[in-house]
Every structure is written in structure tokens, then in C-alpha cells.
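Q: So you can see what is in the structure, the chains are spelled out below.
There are 2 protein chains.
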Amino acid sequence: MTRTIDLQPVPFDTPYQLRQSRLFTSLTAGDTDMLVLNPGPSLTYLTGLHFHLSERPVIAIFTPHHPVILILPELEAGKTESLPFDVSTFPYGENPEEWLAVFRQASLAAGMSGKQIGVEPDRLRFLELELLKSAAPEATFISAEEMIANFRMIKDASEIKAMHNAVKIAQDALTNALPQFKIGMTEHDFSAELTLQILRAGSDSEIPFSPIVSAGSNSANPHATPTKRPIQSGDLLVIDWGASYQGYISDMTRTFAIGEVESEFKKIAQIVLNANQAGREKVKPGLALEGIDQAAREVIQKAGYGEYFIHRTGHGIGMDTHEPPYVRAGNSMRIETGMTFTIEPGIYLPARGGVRIEDDILVTSNGAESLTNLPRTLETLT
Amino acid sequence: MTRTIDLQPVPFDTPYQLRQSRLFTSLTAGDTDMLVLNPGPSLTYLTGLHFHLSERPVIAIFTPHHPVILILPELEAGKTESLPFDVSTFPYGENPEEWLAVFRQASLAAGMSGKQIGVEPDRLRFLELELLKSAAPEATFISAEEMIANFRMIKDASEIKAMHNAVKIAQDALTNALPQFKIGMTEHDFSAELTLQILRAGSDSEIPFSPIVSAGSNSANPHATPTKRPIQSGDLLVIDWGASYQGYISDMTRTFAIGEVESEFKKIAQIVLNANQAGREKVKPGLALEGIDQAAREVIQKAGYGEYFIHRTGHGIGMDTHEPPYVRAGNSMRIETGMTFTIEPGIYLPARGGVRIEDDILVTSNGAESLTNLPRTLETLT
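Respectively, the protein sequence lines represent chains A and B.
When we follow the working numbering, the leftmost residue of the first sequence carries the number 244, and every step to the right adds one.
When we follow the working numbering, the leftmost residue of the second sequence carries the number 244, and every step to the right adds one.
Hints are computed from structural coordinates only; laboratory data are not their basis.
Errors might be hidden in some of the hints.
Stated by the list, open to error - Away from chain B, derived, C-beta distances all over 12 Å, residues of chain A: (1) G273; (2) H308; (3) S356; (4) M390; (5) S506; (6) Q544.
What the hints assert, rightly or not - Within a straight-line C-alpha distance of at most 16 Å, the following computed EDC-like cross-link-like pairs (lysine to aspartate or glutamate) qualify: (7) B:K358 / B:D276; (8) A:K376 / B:E373; (9) B:K411 / B:E612; (10) B:K471 / A:E449; (11) B:K376 / A:E373; (12) A:K471 / B:E449; (13) B:K425 / B:E503; (14) A:K411 / A:E612; (15) B:K510 / B:E622; (16) B:K404 / B:E612; (17) A:K404 / A:E612; (18) B:K527 / B:E612.
Here a beta-carbon is modelled for each residue, glycine too, at the ideal position from N, C-alpha and C.
Produce the complete structure using the sequences and hints provided.
A: Given below as C-alpha cells:
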């Protein structure tokens with residue numbers, strides 16, 4: 244076989260250069276002069292770099308026509324070697340008294356003085372903000388939430404592939420964990436078993452969140468923490484879990500009946516299933532996100548349980564477990580192809596039990612593809 | 244048996260009232276008028292309440308002679324029932340447009356206007372800060388880092404007991420995981436096994452951090468992430484793990500030799516052990532924290548490996564994995580009885596391998612008690 248040499252120039256070797264180039268186009272066109280990020284998914288999205296958020300500040304400054312400027316501990320400086328784009332690093336040692344001087348050098352290099360600087364409101368902390376303000380006293384700091392959301396909300400093919408993998412890992416994990424379930428196990432112990440299976444099935448070492456395993460009255464709390472209470476016959480069991488694959492997350496919920504459960508529990512399980520389906524059927528590019536919430540909520544309200552559906556219908560999902568777009572009343576944002584979000588209606592009967600069915604949805608050109616496909620009906624565990 | 248009725252007034256039923264009372268004394272005496280916290284260990288320390296840091300802002304406002312003011316999602320309002328102190332709650336629904344009005348009401352109730360408001364620099368985000376500033380435009384926001392550290396650095400008996408438990412769980416977990424180790428396992432798979440054992444041994448469901456399991460060249464990176472590379476004969480294996488018990492954390496490191504390792508690896512393991520011991524022996528109330536760093540570093544420097552000990556000697560530990568006090572050059576803060584911190588010298592030979600030995604230390608009236616006591620010598624796994 245003859246190899247042909249492709250002489251087409253490859254403009255970008257990695258997604259990071261393309262993403263930075265798009266960011267710079269957006270910065271050049273808008274009022275925000277530069278973007279300043281601290282550790283988190285947006286920094287990883289734009290650079291491939293992963294830092295823990297810690298007591299040591301790490302900052303990346305993105306400015307058109309400049310190398311990416313990184314302020315970071317010397318200890319982490321090795322991470323910036325062999326990056327596929329230009330960086331200029333400003334490392335500091337173990338004494339926090341060094342921080343301000345290093346921030347000042349970086350600010351000077353980036354030309355921050357007097358500029359409008361976009362930040363992530365739910366990431367950037369007082370710690371970094373005060374250092375940035377002292378280093379660039381004439382600069383103005385504004386929310387770049389919408390700009391960042393506009394980039395990250397629409398997933399590309401490689402991101403969708405990673406999310407498919409994250410879903411497969413989570414589904415395999417539950418499938419492998421369920422045979423270990425026995426009535427009388429504690430919520431905590433089944434959560435531990437599921438955690439092991441998530442890791443064994445191939446999740447990134449840092450799982451996106453500790454599985455919620457909540458039974459009986461605890462299942463009526465959507466944000467429950469697993470307890471040492473044994474799971475008993477007659478309980479509803481809510482399992483809300485996910486995995487991470489190359490930084491992309493899955494987040495799903497299924498509800499089970501433990502032995503024989505009261506008839507109202509079966510009834511609400513069916514109502515929630517209908518609401519989940521109504522929500523999924525409402526997904527269509529061009530319609531408003533609030534319409535999905537409305538469709539799911541209406542099913543529950545019409546069945547007389549409206550007051551027991553106490554949260555929004557869903558949240559965006561990707562590199563963050565919760566990210567834009569939010570599927571809630573009042574969100575008139577339009578659904579777009581390539582968005583990924585959860586649809587997770589629930590009914591919570593206080594002190595008795597709850598049902599939630601949560602799927603991860605990819606918006607396609609003609610509707611919704613549910614990445615998650617384990618059975619949604621109320622299966623019985625004995 | 245005759246029961247006697249204790250007519251002594253019990254001033255506080257829980258540690259939270261005492262801690263709040265101390266905070267109010269400190270606020271009354273100082274320049275900071277009130278303290279504003281968002282979710283994290285300090286909020287739990289003062290209230291027993293646990294919230295996840297999420298896209299929905301949660302704020303607690305502590306002012307002398309006022310009930311604790313809580314701004315939180317309606318979804319979380321159930322958590323404030325039956326608290327042992329007075330609270331005044333300001334809940335909001337699922338539409339972020341409601342946030343500012345609720346922040347304004349809370350600011351009015353707390354009398355925030357024109358006040359000096361302390362915040363946690365490494366917790367409070369731009370999100371909450373901007374809402375607080377809009378709600379109380381005349382207020383000034385300043386770092387309460389030192390005030391909070393002064394409360395949390397000195398552990399009481401119940402906190403020390405919880406930390407003892409967290410250490411026991413971590414040590415039991417490694418003891419139970421090691422028999423599952425086989426040469427050829429990946430770092431990732433052994434980390435998964437250790438995670439299961441941490442949870443099985445009784446850790447809180449949310450473990451403080453994903454275990455670092457790093458072998459061969461990866462062990463030369465102090466902040467390594469477990470990879471899919473099989474652990475091989477001749478490797479050094481660094482295991483850095485911890486557990487959580489009632490919100491208190493353990494964090495320890497041991498290093499192993501896989502099969503026969505080169506003689507320099509054995510040599511650096513002995514030097515690090517000597518440095519760890521020198522650091523522990525230097526702990527004494529009244530001396531400066533930097534002295535511990537100096538003592539450990541000197542051992543490594545004198546052995547000719549100073550340039551390969553690339554981080555501080557330790558960090559405080561308690562409800563946070565990293566918290567004050569920091570054991571580093573330049574920290575002249577005095578050691579006090581009841582402080583808890585790590586001592587974790589290391590030598591990292593780039594691209595070859597590393598050794599770290601990390602203990603959790605409690606300062607007693609006459610020196611250091613190491614809560615962690617698994618063998619520190621370089622044991623061989625085969």
C-alpha cells in the first residue's frame with residue numbers, strides 16, 4: 244500500500260487551540276478585553292490543564308494576540324511543559340507573601356491595567372479577586388458567565404463521545420452493583436459498593452459526586468446523604484449516581500421498590516415516569532427550555548402531586564455536574580442542537596418516600612437522544 | 244436507684260452555640276462587624292449545617308445579638324428545622340432573578356449597610372460577593388481568614404476524637420487493601436480498591452480526596468493522578484490517602500518498594516524517614532512552625548537532596564484537607580497545643596521515582612503525638 248502524504252495544513256492539533264481562537268474572536272468583538280480563569284472545567288476546556296482548587300491561587304489570563312499567561316505554584320510548573328500553544332508562566336514559591344509581586348508581573352505582561360476583565364462568578368474567589376485588583380487597580384471585573392456558557396453549552400463530537408462513555412461506565416457500574424444488593428444493607432454500604440463499581444467500570448479516578456443512595460424517608464430528600472440506616476422492605480430506594488470519563492460527566496437516577504411497597508408509591512413512580520417522558524418528548528431545537536420544565540411539571544400537577552415536585556426539571560451537564568443551560572420555569576433560552584442536560588422530575592412525599600427518574604439528554608437536530616437507557620420503570624429488589 | 248435532677252443550667256447543648264458565642268465576642272472586640280460565610284467547613288463548624296457549594300448561592304450571616312441569617316434555596320430549607328440556635332431564613336425559588344431581592348431583604352435584616360464584613364477569601368466567590376455588594380452597597384468586605392483560622396486551628400476534645408477515628412479508618416483501609424495488591428495492577432485499579440476499603444472501614448460517604456496511587460516515574464510528581472500504567476517491579480509506590488469521620492479528615496502517605504528496587508531508592512527512603520522524624524521531634528508549643536520545616540529540610544539538604552524536596556513540610560488538617568497552620572519556611576506563627584497538621588517531607592527524583600512519608604500530628608503540651616502510626620519504613624510489596 245502506498246502512503247500519500249497529506250500536505251494540507253492542519254490549523255489546530257488539539258481542540259484547545261481552536262477553542263482559544265474562538266474565545267479570542269469573541270473577546271475582540273465584545274466589551275470584555277480578556278478572560279481570567281482559576282482552576283475548574285473552563286480552564287481545562289480551554290487549555291487541557293487540570294489544577295485542583297486549593298489554598299494556592301492559580302490563574303490563567305487569556306488575551307487576544309498574547310500567549311496564555313499562567314500564575315501558579317512552582318510545584319505545578321511541570322504541567323505547562325509541551326503544551327500545544329504558547330504560554331508565559333509566573334511561578335511562585337511556598338510563601339504567600341510572594342503572591343502579590345507575581346500577580347503584578349503577570350498583570351503587567353497581560354496589560355491588565357484599565358481593562359474590562361471577564362471572570363467566572365461561581366469559580367473565582369475573593370482570594371484571587373483581591374490579588375487581581377491589587378495587581379491591576381484600574382481594571383474592572385465583570386461576569387463572563389454567559390460568554391463561557393455560550394462556548395461550553397454546545398458539545399462537539401469528541402465531547403459527546405466522552406459523555407457516551409461516562410454514561411456507559413455509570414450504567415455498567417449499577418448493573419454490576421445491583422447483584423450485591425441485599426435487603427438490610429445500609430445506604431452507606433451500597434453507596435460504597437456502587438463507588439467501587441463506578442471506578443472499576445473505568446471512571447476517572449475522581450468521580451463527579453458521591454452516589455446518593457437514599458431509602459425510606461431519606462428518599463424524600465432530593466439532596467440526601469447516604470446514612471447507616473438499613474434499607475428495608477417497603478422502602479422506595481433512590482439511586483443518583485454518575486461517572487466521569489476524560490473529564491466529562493454522567494449523572495442519572497433510578498428508583499427501586501424494596502420488596503412490596505404501598506400502592507401510592509407505585510402510583511407516583513408511574514406519574515414521574517410519565518413526566519420524564521413528557522419532558523423528553525418536548526425537546527426540540529428552537530423551542531424554549533422552560534417548555535420542557537412545563538411539560539414535565541404539568542403531568543405531575545394534573546395528577547395532584549404538584550406541590551411535591553420541589554425542584555427544577557433539569558440542569559446542563561458536561562464537564563460540570565451542574566452547568567448551563569438550566570431546565571426551569573422562566574428560562575426562555577432556546578434549545579440548540581448539541582446541548583446536553585438532565586431531565587429529572589421527582590415526587591417527594593415528606594417523611595415517607597420519593598421517586599426521581601433522571602436521564603442525560605443530548606439535543607439532536609430533530610429532538611432528544613437519551614444517552615441513559617437503563618429501564619425507567621419501578622423495578623423491585625428483594 | 245434514686246435519680247437526682249441536675250439543676251445546673253447547661254449553657255450550651257451543642258458546640259455550635261459555644262462557637263458562635265466566641266465568634267460574637269471576637270466580632271464585638273474587633274474591627275469586623277459581622278461574618279458572612281458560604282458553604283464549606285467553617286459554616287459547618289459554626290452551625291452544624293452542611294451545604295454543597297453549587298451554582299445556587301447559600302449565605303450565612305453572623306452578627307452579635309442577631310439570629311443567624313440564612314439565604315438558601317427553598318429546596319434546602321428543611322435543613323434549618325430544629326437547629327439548637329435561632330435562625331432567620333431567606334429562601335428563594337428556582338429562578339436566579341429572585342436572588343438579588345432575597346439578598347436585599349437579608350442585608351436589611353442583618354443591618355449590613357455601612358458595615359465591615361468579614362469573608363473567607365478561599366471560599367467566597369465572585370457570585371456571592373457581587374450579590375452582597377449590590378444588596379449592601381455601603382458595606383466593605385475584608386478577609387476574615389485570620390479570625391477563622393484562630394478559631395479552627397485549635398481542636399477541642401470532640402474534634403480530636405473525630406480525627407483519631409478518621410486516621411483509624413484510613414489505616415484500616417490500607418491494611419485491608421494491601422492484600423489485594425498484585426504487581427501488574429494499575430495505579431487506577433489499586434486506587435479504586437483503596438477507595439472501597441476507605442468507605443467500608445467507616446468513612447463518611449464523601450471521602451476527602453481520591454487516593455493518590457503513583458508508581459515509577461509518576462511517583463516523582465507529588466500531585467500525581469493515578470494512571471492506567473501497571474505497577475512494576477523496581478518501582479517506588481507512593482500512596483497518599485485519607486478518610487473522613489463526621490466531617491474531620493485524615494491525610495497520610497506511605498511509600499513502598501515493588502520487588503527489588505535500586506539502592507538509591509532505599510537510600511532516599513531512609514533520608515525521608517529521618518527528615519520526618521526530625522520534623523516530628525521539633526514540635527513543641529511556643530516554638531515557630533518554620534522550625535519544623537527547617538529541621539526536616541536540613542536532613543534532606545545535608546544528605547545532598549535539598550533540590551528534590553520541592554514542597555513545604557506540611558499543612559494544617561481538620562475539617563479541611565489543607566487549612567492553617569502551614570508548616571513552611573517563613574511562617575513564624577507559634578506552635579500551640581491542640582493544633583493538628585501534617586509532617587510530610589519527600590524526595591522526588593525526576594522521571595525516576597519519589598518517596599514521601601506523611602503523618603498527622605497533634606500538638607500536645609509537651610510535643611507531638613502522631614495520630615498516624617503505620618510503619619514508616621520502606622516495606623516491599625511483591
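Q: Taking the hints in turn, state whether each one holds.
A: Now for the hints, and whether the structure bears them out:
For G273 (chain A), the non-interface assignment is confirmed: its Cβ lies about 19 Å from the closest Cβ of chain B, beyond the 12 Å cut-off. Every Cβ of chain B is farther than 12 Å from the Cβ of H308 (chain A); the closest lies at roughly 26 Å, confirming the non-interface assignment. Distance check on S356 (chain A): its Cβ is at least 20 Å (rounded) from any Cβ of chain B, clearing the 12 Å threshold; non-interface status holds. The claim that M390 (chain A) is not at the interface with chain B holds, since no C-beta of that chain comes within 12 Å of its own (minimum 14 Å).
The claim that S506 (chain A) is not at the interface with chain B holds, since no C-beta of that chain comes within 12 Å of its own (minimum 26 Å). At roughly 15 Å from the closest C-beta of chain B, the C-beta of Q544 (chain A) stays outside 12 Å, upholding its exclusion from the interface. Note on K358 (chain B) and D276 (chain B): the hinted pairing holds, with a Cα-Cα distance of about 6 Å set against a maximum of 16 Å. A C-alpha spacing of about 14 Å is found between K376 (chain A) and E373 (chain B), which places the hinted pair at or below 16 Å, so the restraint holds.
At roughly 14 Å between alpha-carbon atoms, K411 (chain B) and E612 (chain B) fall within 16 Å of each other, so this suggested pair holds. Distance hint between K471 (chain B) and E449 (chain A) is fulfilled; the C-alpha atoms sit about 14 Å from each other, no more than 16 Å. Using a Cα cut-off of 16 Å, the hinted pair K376 (chain B) and E373 (chain A) holds, with the two alpha carbons roughly 15 Å apart. Among the hinted pairs, K471 (chain A) with E449 (chain B) is consistent with the structure: their alpha-carbon atoms are about 14 Å apart, no more than 16 Å.
The suggested pairing of K425 (chain B) with E503 (chain B) holds, with an alpha-carbon distance near 15 Å, which does not exceed 16 Å. The straight-line distance between the Cα atoms of K411 (chain A) and E612 (chain A) is roughly 14 Å, inside the 16 Å bound, and the hint therefore holds. A distance of roughly 13 Å separates the Cα atoms of K510 (chain B) and E622 (chain B); the hinted pair therefore holds under the 16 Å criterion. Under the criterion of a C-alpha separation no larger than 16 Å, the hint pairing K404 (chain B) with E612 (chain B) is consistent with the structure, at around 13 Å.
Under the criterion of a C-alpha separation no larger than 16 Å, the hint pairing K404 (chain A) with E612 (chain A) is consistent with the structure, at around 13 Å. Between K527 (chain B) and E612 (chain B) the CA atoms are separated by roughly 11 Å; this keeps the pair inside 16 Å, and the hint holds.
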